[in-house]
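Spelled out, the chains give:
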Amino acid sequence: MKLPADHPLHLVIGLTIWSVWFIAAYGGLSVFCSANAVGGNEFTTINIGLLVFTALTCVLLGALAVWCWRRGRGFPGRVSAGIYIAAVIATAGVGAPIIYLPPCI
Amino acid sequence: MSAGVELVVTILRMRAPGMSLQKMPIFCWYILAMALMILFGFPPLILASIMLELERAAGFIFFDGLRGGDPLLWQHLFWLFGHPEVYILFLPAAGFVSTIIPVFAQRPLVGYGWIVLAIVTMGFISFGLWVHHMFTVGIPHLAQAFFSVASMLVAVPTGIQIFAWLATLWSGKVIFSLPMLWIFGFLVIFVCGGLTGVMLALVPFDWQVHDSYFVVAHMHYVLVGGMLFPLIAALYYWLPHFSGRMPSRTLGKWGFWLTFIGFNATFFLMHLTGLLGMPRRVYTYEAGLGWDWLNLLSSVGGFVMAVGIAVIILDFLLHFRFGTSAGANPWKADTLEWATTTPPPPYNFASIPRISSRHPLWDQPDLERAIAAGEGLLARNSGDHREVLGTSATEADLRELIRVPGNSWLPLQLAAVLAVVCICLLLRAYPVALAAAAASFIWIFRWTWISGAHPSNALQPASAAPISTHTWSGLGLWGMGVTLLADAALYLSLLFGWCYLWTVAPEWQFAPTSSLTTQTMFWSGVPLTLAAACHWLLTRRLRHNKSQQLYAGLVIACGCGILHLLALGWTFFSGDLAPRTHPHHSVLVVAIAYLVLHSGLATIATGFQALRAKRGYVSAAQPYEMPVLRIFWIYSALTYWLAYACLTLAPQLGGAA
Chain A
1 MKLPADHPLH LVIGLTIWSV WFIAAYGGLS VFCSANAVGG NEFTTINIGL
51 LVFTALTCVL LGALAVWCWR RGRGFPGRVS AGIYIAAVIA TAGVGAPIIY
101 LPPCI
Chain B
1 MSAGVELVVT ILRMRAPGMS LQKMPIFCWY ILAMALMILF GFPPLILASI
51 MLELERAAGF IFFDGLRGGD PLLWQHLFWL FGHPEVYILF LPAAGFVSTI
101 IPVFAQRPLV GYGWIVLAIV TMGFISFGLW VHHMFTVGIP HLAQAFFSVA
151 SMLVAVPTGI QIFAWLATLW SGKVIFSLPM LWIFGFLVIF VCGGLTGVML
201 ALVPFDWQVH DSYFVVAHMH YVLVGGMLFP LIAALYYWLP HFSGRMPSRT
251 LGKWGFWLTF IGFNATFFLM HLTGLLGMPR RVYTYEAGLG WDWLNLLSSV
301 GGFVMAVGIA VIILDFLLHF RFGTSAGANP WKADTLEWAT TTPPPPYNFA
351 SIPRISSRHP LWDQPDLERA IAAGEGLLAR NSGDHREVLG TSATEADLRE
401 LIRVPGNSWL PLQLAAVLAV VCICLLLRAY PVALAAAAAS FIWIFRWTWI
451 SGAHPSNALQ PASAAPISTH TWSGLGLWGM GVTLLADAAL YLSLLFGWCY
501 LWTVAPEWQF APTSSLTTQT MFWSGVPLTL AAACHWLLTR RLRHNKSQQL
551 YAGLVIACGC GILHLLALGW TFFSGDLAPR THPHHSVLVV AIAYLVLHSG
601 LATIATGFQA LRAKRGYVSA AQPYEMPVLR IFWIYSALTY WLAYACLTLA
651 PQLGGAA
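As they're listed, the protein sequences go chains A and B.
Using the working numbering, read the first sequence as starting at 1 and increasing by one per residue.
Using the working numbering, read the second sequence as starting at 1 and increasing by one per residue.
Honestly, the hints are just simulated from the structure, not real lab data.
Where is the CB? At the ideal position from N, CA and C, for every residue including glycine.
A couple of the hints might just be wrong.
Derived, one-sided and incomplete: chain A residues facing chain B with beta-carbon distance under 7 Å [stated by the list, open to error]:
#	residue
1	V31
2	F32
3	G72
4	V79
5	G93
6	I99
Which bits of chain A does chain B cover? Going by a derived footprint, with three or more residues having C-beta under 8 Å, they are [what the hints assert, rightly or not]:
#	region
7	12–24
8	80–88
Chain B on its own, in the form it takes in the complex (with noise of 0.2 Å):
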């Protein structure tokens, strides 16, 4: 997740010079979709991985049908993940092929455009496929239809790409170098494995086939033709800038040749023992039901692929040793990475480069050269700091200069305690798991301390653009932005799993009585609303340069916080809830504690953030911070109302209780 945002920020906001949305390469769009697609794909995987362990560890009711909850829920949010997840593997591989067809076709991507649209369009849709997965539960005919017309129409954009690339290598000039024949074996597998989804997709035919060897075979056919040949043509093509060395033709070729061979040998086989009828996840069977031979080719092909991968392996690692010298841009690329030396230095780039070409390489033949020569941007280092620019989301116009955190154990510290939390969890140590998390405070906010506008990180004003701390709209609040993305998918997910229960459930039932009145519920909202406002308004002032009271305000505001705190916890305690009697307990107990940890934390962040205001780190001319906090306290506020009016309003008007 938090890899999803930083990737989401750091193509929006940190691309070079110039570099606007037409002129990014191809690979980026692959990457800002395929992380902003973990952003929504993951969190109810999240959520339902933390409602199982409740329901395991504490006794609490979601997935057990005879005590109230539904196990379609699970499989509900764990395909709600599933799916898109088989397109968040996908699509860097896509970004692979889109970028090394190009180059050994020794010509420009066609349809460029195209293939954004059907980037974009391909990481909607495939939030719309999950109940595939699902045909044989029970679902009515005309909900399973929205799923197959869904399903099919995913293989739309899916087609654009085929089509562009093979526009591509058809008016190019290609050379069939090792990491072009994973590229030609990919579009081979994938596009049978591509039919086959298609097929899949027909409910008819998928009650037929479901469990069976045939869906073995399709989701091999996807995820190795389409994942695993990617992959491996990105491995040999960028392995240059790894080692500086070029692997061996003679090897990669057999090591391709036998894994293809053995490939198809393996699974094509299996659409057969699969439409013979053989089930999937079964280790033995009786003999003389025909499957027999065709087994036994699978397992000789199985072989056969496992000598391709191990001849692959042999020459990754002779090639350190036997590799010719790859010298700079081997394969004569056209994007950024190739404009630094085989392997790259320490510093990757001397100077950065302003860009005025999606082709960079091959329309500014001089620019190695320049940025070696130190003629772009940043190319003398302030002091002992690692620094880089930001830049405006559209068009990549420079905007500020930013100090990237430099060498500390603190990131480590933190993993460390993080680690103890979960393997506390696992070992069911809960109140050791309990401490852990909240220590892990102290290393958050230690860190959170010396950053920002923390003196020991200042920089000197830059001519070009200024400082990242002396901005509105920096990177941390897009990062916030960003993470409140993710944080609402797994909300959303939540109430959709409490709306599942109480419309699906067949035991749900509300509670005999409402332990979390709608007057007591509403009384602990208003403090935390009055934080939030307190702290937008302070934030406004700020904007207007009116700095006078902010160490007061803010205080104020973790007050109101507190105050709602603890009225929220009498709240609690004082109800009678019993999650592991009623399943609306259960769900109202999670929404409390999702509710408790972020209005916790925006006043734990708000009075952390008045001692920083009272040391100056915060302040009209350094207001980085304000708006970060500000929208969280907000996204606080919205979410605490919403969970008012869906769990303790709604109900009531429904007739519970």
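So here's chain A without its partners, still in its complex pose (with noise of 0.2 Å):
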């Protein structure tokens, strides 16, 4: 069932999708931190792959708010987009620490 870009729902998924990225990175990282010792400053391979978490998370966001602006017709399509990148400026933001921080000190 394919839901029409004015349906209402899209006017809670890209937040949902933020969610679930939001709990996936920080769960992630408390899991990877506890079960790994890592220590220094040192870029690691829990950032590259948070990173790569994120890029897809934000162009997956995009990718539905280009479509929900095409597609969609009036106030849920409209709304729903600029929800939608809302939720791409705020995995960007929040992920972007991501860059320059060690993951476990």
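Using the supplied hints, reconstruct the complex from the two chains, each of which is provided in its own coordinate frame.
So, in structure tokens, the structure goes:
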């Protein structure tokens, strides 16, 4: 079943994806740091993994924003596209420190 | 929680016909977001409270670090609730502001769509901030940075709303009536509180002022500015609907200015005392630390504010006797609640109008008369029933006619029994609490028996819409769906707690032997799955008008449920669980209690439904109740198998025992 672009569920899907990304990133980082004794200021595999995950999430949300903007008509479609963009900003913004901060200290 | 469910379902399914989402009053968007936040925000606190009581009263292990628990788990669960709670308080207040400003600016709200976007965004992002209350507990920098950025990001949707309010005021002709005066106070104070909030989101700054008076000042600027001021504005705004009279402008102005000046004198200075190093939660301190005169001025401000609040209370009391008559729509507002007299008649609206605008009273000037004249829907009641309309969630198309329950002692009696449960738990009279909890089911099922398609509840078919008990997606299904969202939030919080203890708690150890084997848990789940599948099939058959063997089928589903409960009970009691010794067993006991509660309730409800099917209250013509219980069965089965995977399979894969 394909959800039309102006379906009101799109109002919550974008930030739900952000929430899942947030939980997975924070939870994954915490579990990784508990299981591995990583010290120092080095840029580790968990940084790379989280960056890739963040980039993929942003691409998905961005694609959904464009799709909703193009296909959606009227109020729900436009607002949903805006919320998808908000989710992209939130994902990229919260994920930005992955680039320069070591994971476990 | 139940209020949250009720608000969500009412807003989505019981709007006036024609009031599509984009025509909905902005206040409803705020309340919808707040109600959904309640559903996801409160369960972690409820779970944490249950765990704390089990640890305190029964010796279970969750938060005691020496025995394998972790006190930080309490902080996580508490703040998972605690920070969204700030926005649960703020959103209705912002809803008051967004409702009141356009009325007194005499123009529609600027950026309605942007504000809806901001509300939804704020509702979500506010759940990603909780660790900013825990910056000093030793969490890795990168994790702190996630929450620091999220805490700053949440200021963006707040800023969108503030600019929309300012733009509305800028482009309108503002009338400075009493409600507007309080909104002015809100704008000044809340912006200051928001700015110090962004400061506190910065980890190094938070470390410096943590647990100081700066935080006290920030909290009061946000909560008093963000909640109390709009609340008083709203009280003044809707007061004519309560009393039919207007408040005194003179007393109201004195009350406002004394409160505004007193508040700022009290709390603005606390920023300085905090920056000078004064810790919070102290009742006295050494002289000569530089805090004396600031605290003296704060105290004077506190008295001034108290006088201001007293003047407001006096104004409220006096207006009942001396206030001038309000008349209809005294503020010339645009929203439907003003389409009645002040105060409104006991039945509120004589008829339900069809809505074609976001500002019905501005765009349909004849509406008040038309409603009173019975020109809308439901103008004539079909008996001594209370009837309302059900509409579709998006476009508010007319869907069904709903009978609202009438007067009954049953809810009060049920509440009294539940009060006995709570008081006995506090007094540690556990057998009495258990007996009262069991007794409460008598009232619950008695109340349920006379609901739905019970003959005492029958309605005459309406010409415009079918009766709700004849439909497949009535309010009950929506109510169950929304309730299960909150239920799932509690369950996921439990799994989070277990995962947290496993991976983070320093003294955590798996129990030396696995008393709940994967095999016994697996075979206990089979009859549960069969019961859920059986109910699902019966509902599907009913959908195709096949109601033969409905009673027998429901009895079989109930029987499978009983078999599952017996098997799970045997598994539980034959195991050697030691929740007072092993935290893993503590989590297992809570999880099994959760599962038994759900599958047990589903089993009893199915037996109950079988009786109703036998009486003809559930049938192909009246299917309303079947899909409600179907999703509950599916949920019960899914949570069981998730518990099986997480609590019995995962530890084995992880090398436990």
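Hints versus structure:
1. V31: holds, 5 Å
2. F32: violated, 10 Å
3. G72: Cβ of A:G72 sits 12 Å from chain B, so the hint is violated.
4. V79: It holds, given that the least Cβ distance between A:V79 and chain B is near 5 Å, below 7 Å.
5. G93: holds, 5 Å
6. I99: Hint violated; A:I99 Cβ to chain B Cβ min 10 Å, cut 7 Å.
7. 12–24: The restraint on the region 12–24 of chain A holds, since 6 of its residues have a Cβ under 8 Å from chain B and three suffice.
8. 80–88: holds (count 3)
The structure is inconsistent with the numbered hints 2, 3, 6, although it conforms to all the rest.
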